[in-house]
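S.K.: The lines below spell out each chain.
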Amino acid sequence: MVLGAALENAIPFAATHELIRQGRRDLNVIAPISDISTDMLIGAGCVAEVTGAWVGNVSGGMGHNYRRAAESGQPNPIKIWDYSNFSIGMAFFAGAYGLPYIPVKSILGSDILKSNSRIKLAQNPFSDEPEPVALVPALKPDVAFLVVQRSDRFGNSHIWGSTGLTQEASIAADRIVVLADEIVEPEVIASDPSRVLIPGFGVNAVCHVPAACHPAPLIGRWKRDHAFFHVYHKETREPEGFQRWCGEWVRDVPDHEAYRAKLGGQLEELRIRGNAPSAPANYAAE
Amino acid sequence: MPPSKPPSKPPSKPEYSTQELMIIAAAREIKDGERIFVGMRLPITAYGVARLTHAPNAVGLFESGVVRYEPAEGMLYTMCDGPNQLGAAWTTGLIQIMGLLSGGRIHAGFIGGAEIDRFGNINTSYIGDIDAPKVKLPGSGGAPDIAAMAERLIIVMNHQKHRLVERVDYITSPGFLDGGDARARAGLAGAGPQVVITDRAILRPFGPENELHLASIHPGHTLDEILENTGWALKSVPDLGETAPPSEPEMTALHRIDKEGFWRG
Numbered sequence: 027m028v029l030g031a032a033l034e035n036a037i038p039f040a041a042t043h044e045l046i047r048q049g050r051r052d053l054n055v056i057a058p059i060s061d062i063s064t065d066m067l068i069g070a071g072c073v074a075e076v077t078g079a080w081v082g083n084v085s086g087g088m089g090h091n092y093r094r095a096a097e098s099g100q101p102n103p104i105k106i107w108d109y110s111n112f113s114i115g116m117a118f119f120a121g122a123y124g125l126p127y128i129p130v131k132s133i134l135g136s137d138i139l140k141s142n143s144r145i146k147l148a149q150n151p152f153s154d155e156p157e158p159v160a161l162v163p164a165l166k167p168d169v170a171f172l173v174v175q176r177s178d179r180f181g182n183s184h185i186w187g188s189t190g191l192t193q194e195a196s197i198a199a200d201r202i203v204v205l206a207d208e209i210v211e212p213e214v215i216a217s218d219p220s221r222v223l224i225p226g227f228g229v230n231a232v233c234h235v236p237a238a239c240h241p242a243p244l245i246g247r248w249k250r251d252h253a254f255f256h257v258y259h260k261e262t263r264e265p266e267g268f269q270r271w272c273g274e275w276v277r278d279v280p281d282h283e284a285y286r287a288k289l290g291g292q293l294e295e296l297r298i299r300g301n302a303p304s305a306p307a308n309y310a311a312e
Numbered sequence: 003m004p005p006s007k008p009p010s011k012p013p014s015k016p017e018y019s020t021q022e023l024m025i026i027a028a029a030r031e032i033k034d035g036e037r038i039f040v041g042m043r044l045p046i047t048a049y050g051v052a053r054l055t056h057a058p059n060a061v062g063l064f065e066s067g068v069v070r071y072e073p074a075e076g077m078l079y080t081m082c083d084g085p086n087q088l089g090a091a092w093t094t095g096l097i098q099i100m101g102l103l104s105g106g107r108i109h110a111g112f113i114g115g116a117e118i119d120r121f122g123n124i125n126t127s128y129i130g131d132i133d134a135p136k137v138k139l140p141g142s143g144g145a146p147d148i149a150a151m152a153e154r155l156i157i158v159m160n161h162q163k164h165r166l167v168e169r170v171d172y173i174t175s176p177g178f179l180d181g182g183d184a185r186a187r188a189g190l191a192g193a194g195p196q197v198v199i200t201d202r203a204i205l206r207p208f209g210p211e212n213e214l215h216l217a218s219i220h221p222g223h224t225l226d227e228i229l230e231n232t233g234w235a236l237k238s239v240p241d242l243g244e245t246a247p248p249s250e251p252e253m254t255a256l257h258r259i260d261k262e263g264f265w266r267g
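Heads up: the protein sequence lines correspond to chains A and B, in order.
Take any residue in the first sequence, note its place counting from 1, add 26, and you have its number in our numbering.
Take any residue in the second sequence, note its place counting from 1, add 2, and you have its number in our numbering.
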């Protein structure tokens with residue numbers, strides 16, 4: 027499953043927490059980066075495989091749970107499928123558009139070709155000279171959890187700011203769960219179809235979850251909670267520390283509404299109150 | 003963030019920090035009009051200094067899907083933070099931005115690393131064995147893509163013996179691989195690492211083997227100290243010199259960018 031595709035913003039932490047609360051096991055977490063979301067799931071024992079380019083704490087340093095799992099199999103061993111950002115993106119692209127694999131040049135020379143046995147080295151069949159290419163197989167996730175700024179009740183979603191691999195991951199996935207910061211009338215979305223990144227016909231569930239991205243940022247809605255990442259890094263240094271942290275912030279919190287209430291004023295301080303709207307685009311036909 | 007400074011300094015101490023010298027050395031590597039993969043922290047500041055001094059038409063790209071002309075106002079913790087998106091030239095997807103690399107349209111990119119070897123290969127993935135690593139580092143991100151496809155690579159890292167090693171355990175981001183023309187034979191487009199800026203010196207590839215050589219020593223550091231802190235028998239280029247200290251315009255630009263004194267340290 028894809029848990030966040032935009033890199034360091036719009037990470038669906040609300041879904042991460044719920045997967046931990048439900049005690050899900052043996053997940054293959056697909057995320058190019060997704061900051062501490064992957065580290066949390068590993069520490070909680072939910073993960074069998076990690077498919078991605080980077081796992082850690084972007085502003086804090088290394089991911090302690092990721093290290094423990096890879097170095098000493100705690101709380102359980104994990105299989106790591108190494109990609110670079112561009113090669114995982116192209117794997118989604120192939121998955122999205124029905125290609126069995128796609129040639130990529132930007133991981134040539136990298137030991138990713140050694141540690142990820144799914145990627146094969148080949149020669150460009152159209153070239154008379156030797157021209158190596160890496161063949162990256164299509165990635166077709168079962169489900170993608172994606173945070174959007176606003177959606178209508180059918181899942182037609184507006185996203186703005188940088189989007190990482192959101193588009194490719196959503197088209198490649200069998201099922202899409204949208205975590206919308208705001209639910210709006212369909213007319214609002216239809217007023218600006220160029221801003222739709224996820225059309226509703228592929229969406230299986232729309233959840234209204236304000237600040238589902240916390241502690242990651244969401245452009246125009248929520249600032250990044252830098253201190254939260256720092257505290258996580260400090261408190262999860264030892265396995266017991268992670269269990270304590272996870273109890274306090276995930277397992278003992280019944281749902282995201284309670285999580286927001288627990289954050290209280292800290293969350294309110296992250297709410298973006300400024301106004302920097304784009305100019306309207308005229309779609310008139312006559 | 004910075005501690006308050008004592009009112010007077012000993013006269014021998016230069017009027018800039020090591021970090022500031024590294025930023026300015028990095029800024030000098032950016033040419034006017036170039037499209038640069040910037041990355042976070044120090045390179046972002048270096049990009050800002052270059053724009054304000056000799057490279058007003060440089061363009062900065064961020065792999066998450068951001069292109070900027072003017073560097074963002076204020077301190078960024080990640081490239082996806084709001085301030086990096088407000089006033090951007092383009093916010094889009096990763097494939098659109100990294101595809102420019104793959105298409106050969108990017109002049110230079112910055113990367114850092116936990117380990118580098120004498121052929122400029124970088125490891126940010128595994129220390130020790132892949133199947134039973136001594137240390138599992140966070141991984142590649144977009145660094146291999148940048149290392150493989152940018153026309154040239156600018157590397158910034160701290161200069162310690164356990165970081166500058168004879169041979170990395172794992173090549174996350176390729177430099178010159180086994181040296182010589184190994185890089186071209188592997189099908190890599192870009193020219194590879196052209197400079198390694200450390201907190202003690204500047205290294206550059208030299209000779210037919212493309213081995214990293216000592217190119218200049220930062221003021222206040224010595225050859226012996228650098229050799230002691232390098233994990234291979236580091237050779238010097240014939241015209242080994244001293245890194246030029248920051249000029250007044252460079253420092254003025256840096257202080258305009260780094261208003262909070264984050265790098266003054």
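Incorrect hints may have been included.
What the hints assert, rightly or not - Residues from chain A that face chain B, not an exhaustive set, calculated with beta carbons under 7 Å: (1) Glu34; (2) Arg93; (3) Asn111; (4) Ile133; (5) Gly135; (6) Ile245; (7) Arg250; (8) Phe254.
As the list claims (entries may be wrong) - With the C-beta cut set under 8 Å, the calculated list includes, among others, these residues of chain A facing chain B: (9) Glu97; (10) Asp108; (11) Ala302.
Everything labelled a hint here was simulated from the structure, so no lab data went into it.
Since this is a predicted model, take the numbers as computed values, not measurements.
Glycine included, C-beta positions come from ideal geometry on N, C-alpha and C.
S.K.: Each hint: holds or not?
M.R.: We went through each hint and held it up to the structure:
The restraint placing Glu34(A) at the interface with chain B holds, with a minimum CB-CB distance near 4 Å, inside the 7 Å limit. Given the 7 Å rule on beta carbons, the hint for Arg93(A) holds: about 5 Å separates it from the nearest Cβ of chain B. This hint holds: Asn111(A) has a C-beta 4 Å from the nearest C-beta of chain B, less than the 7 Å allowed. Proximity of Ile133(A) to chain B holds as hinted, the smallest CB-CB distance being about 5 Å (cut-off 7 Å).
The interface hint given for Gly135(A) holds, since its Cβ lies 3 Å from the closest Cβ of chain B, which is under the 7 Å cut-off. For Ile245(A), the interface hint holds, the least distance from its beta-carbon to any beta-carbon of chain B being 5 Å, beneath 7 Å. Below 7 Å, beta-carbon pairs count as interface contacts, and Arg250(A) has one with chain B at about 6 Å; its hint therefore holds. With 7 Å as the threshold, the beta carbon of Phe254(A) stays out of range of chain B, its nearest partner Cβ sitting at about 11 Å, so the hint is violated.
Look at Glu97(A): its Cβ gets to within about 6 Å of chain B, closer than 8 Å, so that hint holds up. Proximity of Asp108(A) to chain B holds as hinted, the smallest CB-CB distance being about 7 Å (cut-off 8 Å). With a cut of 8 Å, the hint placing Ala302(A) at the interface with chain B holds, because the nearest CB-to-CB distance is about 6 Å.
Figure legend: structure checked against the earlier numbered hints; the only hint not met is number 8.
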